[in-house]
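Trainee: Listed here are the chains, written in short residue letters.
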Amino acid sequence: MVDTVIASHFDATRRRGDQLVRIEASGTKAYRYLVARNAENEGFFLVWDGADKNTDFTEAAYEVCVDEASRAGLRPAPYHVYARLYRYQTEGVKFYQIPDRILADFGLDLKSEPFVDDDNELA
Amino acid sequence: MIELLGFQEQASNQVAARVVEYHSSPVTVGRGGVQRRIPFLQLLNSITASGKTLILADAVSSIAKHWPVKPIVLWLSKASVVVAQSYANLDAGGAYHGLLDGFEVRTLADYDESELSGSVDSFLFFATTGTFNQEKKGEGSLNVFKSAIDEAAKSTWESLKHRPNGQGGRRPLLIVYDEAHNLSDQQTTLLLELEPDAFLLSTATSRLPPLFEKEVIGHLKSVGSLSDADLVTQVDAAEVALSGLIKNEINLVGRQAPMEDVVAELMKDLRKARRAATDAGLPGVPKAVYVCKTNVTELSGERDDPKQPFAQRRSPPILIWRHLTEKLKVNPSTIAVYCDLKTDRGHPLPEDFILFKGGDRDYQSFVDGNYEHIIFNQSLQEGWDDPLVYFAYIDKSMGSRVQVEQIIGRLLRQPGRVRYADQRLNTAEILVRVEATGVFEEVVTSVEQKIQPGSLDIKVTISKPGGRAKVEFAAKGQFSVPLAALITERAEKRIAEYIDKMSDYRGDPGSNIRGQGKRVSVRRVVGGAGGQAFVWEEVGESASVLARWLFAREVARVHKGALGVAVTSNSDGTPTKFDAKVGFASRAASHVTDVARKVGEAFVDQVYLKLRGPNPYRIGPVLVDPDAVATFKNAIHKGYDDLNSLELDFARALDKTGHPWCRNSSRSGYSIPLPQSGKTVNFFPDFLIWHDHTVYAIDTKGSHLHADAARKLVSIKAANESTDRVYVRFVSEGVVEESGAQADSSGYTVWSFKPNGQKDFNHCDSMSEALAACLVPDV
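The listed protein sequences derive, respectively, from chains A and B.
The numbering of the first sequence is numbering that gives the first Met the number 0, which starts it at 0 and goes up by one.
The numbering of the second sequence is numbering that gives the first Met the number 0, which starts it at 0 and goes up by one.
To be clear, the hints were calculated from the coordinates, so they are not data collected in a lab.
All values derive from a computational prediction rather than experimental measurement.
Backbone N, C-alpha and C define an ideal beta-carbon position, used for all residues, glycine too.
A hint or two may mislead.
Stated by the list, open to error - Below 16 Å or equal to it, Euclidean Cα-Cα: the simulated EDC-like pairs (lysine to aspartate or glutamate) are:
| hint | chain 1 | residue 1 | chain 2 | residue 2 |
| --- | --- | --- | --- | --- |
| 1 | B | Lys51 | B | Glu192 |
| 2 | B | Lys609 | A | Glu62 |
| 3 | B | Lys637 | B | Glu488 |
| 4 | B | Lys609 | A | Glu90 |
| 5 | A | Lys93 | B | Glu2 |
| 6 | B | Lys609 | A | Glu58 |
| 7 | A | Lys52 | B | Asp571 |
| 8 | B | Lys716 | A | Glu58 |
| 9 | B | Lys500 | B | Asp593 |
Claimed, not checked - Okay, the calculated beta carbon distance ranges per label pair:
| hint | chain 1 | residue 1 | chain 2 | residue 2 | range |
| --- | --- | --- | --- | --- | --- |
| 10 | A | Ala29 | B | Ser570 | 52 to 62 Å |
| 11 | B | Ala495 | A | Arg21 | 26 to 36 Å |
| 12 | A | Asn53 | B | Gly165 | 29 to 39 Å |
| 13 | B | Ser745 | A | Asp66 | 32 to 42 Å |
Okay, chain B solo, but in the shape it has when bound (with noise of 0.2 Å):
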């Protein structure tokens, strides 16, 4: 079963408080008897590869466990090769299902009234948006490309504006789109006849149409006093990249040379990115993708006459096949052609060359191919993202027009869902080759302005035209440093205790277990056949959940890492007190809610960090741009080409100890984690000093840091007496005291922490000293 990370399940409990808080006091629009109510609406503002299905999926789960009357899910997504293993994903067996518990998965073509009155489940069905022409698809997929919402039957869209729970209630409906900004008015305008009471769409409001505008957004607006920020759950981006589910480094590089030198030069770095992926054990090799137009001539932009022999061709993907197999001796049989080329029986293509010109028809055997080379125009940028693609060469032909953000987000996603110490493994790297350096200019804006590297926190190393390709330092020798483990010896006490005196609500008479205080409707149905309406009815009870269902999810609001200490269930299968069922909103949800922070927040406090003996952090080597390099004597690798004025001063003082040491990065390098309320903090010292076996982790920044997280870097404990120790140190410019920087700007100052997390000052008048006095250990 797939488990949600931090920053998916936060973005995922704000979607669904969201969703059940409007619920029960929504927007009504209209007079006397034609007021209606205005469906919610939560907008998923969320980048490439930060699984956004995952996020929706949990919400809409969380969200039916809040109603009573248990909800119709109606799942869209685009019509498109991918769209069978969408649904898939969702149905029992896939890799979303087992967040969807309760739920019933359907496809739109599969809908049955009866079905939906015999049970109290919920149900899902995944529907598809726009046309799709699949030939020869199995009987088992078949239905998912007959579910498409504008040809659904009279029947099927009438029986769902009524969707009967079998109890005389109207099921509530809740619209969820993953690319909602395929959604055209017309289809806005079918899915609001069904009256649905929330939309969970991934997209920005900008790319909505007029229609949701008006119908939807204006009301919210205007009415609801709703903002901007309460209709869009924005993931943290940051927090995306550090996760290791995408690359965290672009390297965006521009060529003006003939295609035969920049795919010469790709392939150079796609070799070395092979090696260092077979040494990390990744799971497959590292591929390349080549964009370019499909039939026009590079130089007369000409069509290319398909009648002449293949060796007279001009078209670019006949043009950089022949380089790869004739010149770089690639191996055809790892080369795909994924486009239009067109071709003539008289002049016939040579054996190994493997062409899919059937578009969609072809994705699947496209895809079991696992090709390592593959050559396209742009019509292969939807739904396909293959995690081991690192490296892409955007042909001149492709022309100033290129979308080159849509080609990168092809890239992002990272093979093996980690970071690697090689930087090499977590960079995507994009050659264009431009005809001019102004094309390239636009190119970098454009991509600027789409991935925002502000604040994804994803770095975006630019190489224009003319400039040289970054240049690999190995490490001179091997040097690593223990990573740090949580230990929650201390914090198992406490939480058994919170636990131990956490009421029992299983034979509760009712009173403790109901929900109250908050205003709970559902919608009956009034009326016979052909003369049905609906009326809101408030109902005396909120849906009731099991404990331990509140008591995981609060704990996880704090501090997942406090579940794999609170033991909520007996091994023999024997019911405990997170057995009962309570209700939402009632004096047992409160109390269980209580226990369940502070056992986050003992985990918090409690947990202490402790050096590991085996499988040290190994310092790989650096990729720099040799136009902005500092070379240095005693560093392990040869230079580095990213510090600052103060950072330079510092590696120069360094370097003169005799000492190996090294610029550690911030996105990939050794971190130690810090657990926090909320989350964990990994902490990425800027340098990194090896002395006495000891590693001194140097930090030129560190101001930011909460007095819980300085608690925890001061007292981390060694593995055992023979191993390396780590001490964290931090160096300030100028004066600096407990109440932050003073005017006097002069000489360091070298602060650590006390014991007790004190801040601890001590000013030095040069580097020199400063650094002299990094390098005694604690007592």
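Isolated chain A, as found in the complex (with noise of 0.2 Å):
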């Protein structure tokens, strides 16, 4: 999944090429949420404890996101969050929804086309 979100993140905002920065979990610095940071220092936090887990952002996930941006010497903001379910709705949050906002980015709108196509078969 922290592949599929970095291959997939494409900011259209930001010049192209401008790729996410993969952070390493290693000894003490073992991240739960944050996987990966920009060319402007700003976090990406990939919300996905496990298919049967929480995969929401909620506050207690808002407060893991504050406290490993600051481990990891990001900007307080803005947190760029992957998540099943925005619950937590506040300043200096950019959601993006799994999978829909992923596979946006990979270019199916799911919006516009379906999983599966008429023919059952992927689209």
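Could you use the hints to bring the two separately framed chains together as a complex?
Mentor: See below:
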């Protein structure tokens, strides 16, 4: 999933080729949600504890993001957050809904094209 | 993928809805066999940097979805230095391409009729107006420069008149132009030959060529009974200013002083802005532009002779450059001079003098250089707008005919597209050096007329020649207020229920998903090659879209936030009922729309506010006019310059309490989000007072607040037991009751809200008594 987020992220407001840098978890610098940063030192967070666990952006998830951004020396806003539901809506967060936004950034807009077309083949 | 802001979406929806509506009942003129349809017109009226291209791209995409025969969009752009970039933005991989789903994007030079007839997709052809001399361009973008409409191959133009869809139909044609004031009568004639279905133009009516008035607007008004308001989509400028897309304050300073003094004043402010930018983490350093005549000396008005040593030359760009580098110690490698400055081989410019005199040919290398000081005449006005430009110096040599409002347009875009706590970083500063005060007044009048500060919610402050510059008052200590977040938990259950009850149309035999009632007509081609004509034909079915598209559009009309908790897809990729295809104007569409509206309304109704623990709003410095300042002892800043009489009385009383307090800016200060149907309104209280781990947010207006907004304001939850609380209070002059202000104008009324949202009035005889009533925490 982390690779998918990093590969798919396309920020239309920035120049092309401005890729995300993956933040590797190691030793004391293990992160629960922080997965990458961009050239402006903004953090990218993937709230995905597992298919049967929390996948939503909540107050508790926000607090984890604040802590991790601070530990990694990233800017306090904006946080780019990939999650299933946006349950804590607050200033300074850019929310990307899973899987819709990831697929949209890969070029498949779920609002116009279904996952599966009429012949039941993967679109 | 780029997402539209609320006001952009509203504008796009209105444009699309009007085009679609007109298409089903158009104006026709003529009689008997020579009837013709008049194309529809929609003008988009919006200020610089509000995202016009975004709105237009989204609107055409939405229109295309409504039409069973997919259209051709002829997207016009003025040939200029940025035209290749404009095309790249629309093309696959570009910033706006994501909005154009289902579209093939081409340049007009790549037009190929067989491609049109072999595809059912929509097509966007990018074409240019006006001539433009671009040399040394790479092959990749070359075709953009061969796509002028008045130079298009005859075969292309003839084919565009037919625009086949491969099934014997003629595709509808939309003509889009985001700088339509450049359109000529001759180009209008060419475009009308194509019999377009609609024009989407971004300009004011008054700036269209006369032919347009006669052939389009005249018929739409006289036969179609359409009014000006029906033909214009007005983007809410106040929303643009609040969105953070543009700077929300313009500081217009007039100076009758030598260039050296005015540039030094600019440099002083620029350095302060740079420090603020570093603290705020801006994506770059604030920049300055210097606008002046090129080869004319200031004193005599004669041409500056290039055949003399550099130090003796008197042309304004050279004088400014020398002052910057020699006196103000600016590194020459950060300065670009972008104008046709005359030079002489025998008297070369210094080696570190960076001159771009090639005009458009130099544009790209100029942009790539990322210069921090740019000296230019007005040639650089169109296309170039770097958000980091905060300052402009306008030289006396420009005289009174300088179009300051155009220069302001170049400075308006806001870096990072967010508001900053330091007002300096939301402000554009223009220093105009003038011969006489009268010239400055002309400039001010012209700016006020052009940008209409009243409707724009951009604050324009004027400092006349002789007036003192604004001064910065830092905050005395660290003060912060917790921001409020929207909590969705109460809304989620109801939203899930609505979605659960929504019908599944995936297996529908057709009776529910087929569009009804609306007349849908398409043009069919009749006759053979050379003698082709078109007839309108009714078709039984309207176009269809995914239920998800309809749902998302409709929810966003009420409140976009609801989409964050309304699940329409399965994370494992299996289809859901939102993957059903439903026709416009079908029973299914009406049902989905209805569910979506309920989902949006449940969100607005049930969402509540909770204070946020981390990342509070921090009080930054303020910029005040030293000639209008009122000073205070206990305020966080030394003084304020923008208090009306009630606010001033209140501030004086507040100061006597001994508690720290501050004036809160209504544009860039602390605000509380209030979700309402249609949009989120931000509430900016007038004053903030810190007392006993509580921040009181007091407003001296507030009567406009909607009952629902009031209910949310009174019930802001604490982040946790140990964090600061925020309580909102209102103070009005005289006696105020439920029925409104009373005849008795004595004293003051403090009013707040009961937990059920009803107003609670407390009349006090004096301001100090009123204040004491404000500073009591809620039970």
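Trainee: Are the hints correct? Go through all of them and say.
Mentor: We went through each hint and held it up to the structure:
1. Lys51(B) x Glu192(B): Measuring from Cα to Cα gives roughly 26 Å; hence the hint is violated.
2. Lys609(B) x Glu62(A): With Cα atoms ~14 Å apart, Lys609(B) and Glu62(A) stay inside 16 Å; holds.
3. Lys637(B) x Glu488(B): violated (43 Å)
4. Lys609(B) x Glu90(A): Holds - the C-alpha atoms of Glu90(A) and Lys609(B) are around 12 Å apart, at most 16 Å.
5. Lys93(A) x Glu2(B): holds (11 Å)
6. Lys609(B) x Glu58(A): holds (10 Å)
7. Lys52(A) x Asp571(B): Holds - the C-alpha atoms of Asp571(B) and Lys52(A) are around 15 Å apart, at most 16 Å.
8. Lys716(B) x Glu58(A): Holds, at roughly 13 Å.
9. Lys500(B) x Asp593(B): holds (12 Å)
10. Ala29(A) x Ser570(B): 52 to 62 Å: violated (25 Å)
11. Ala495(B) x Arg21(A): 26 to 36 Å: Holds: the Cβ-Cβ distance is about 35 Å, inside 26 to 36 Å.
12. Asn53(A) x Gly165(B): 29 to 39 Å: Since Asn53(A) and Gly165(B) have Cβ atoms about 50 Å apart, the given range 29 to 39 Å is violated.
13. Ser745(B) x Asp66(A): 32 to 42 Å: violated (54 Å)
In this structure, the hints that do not hold are numbers 1, 3, 10, 12 and 13, in rising order.
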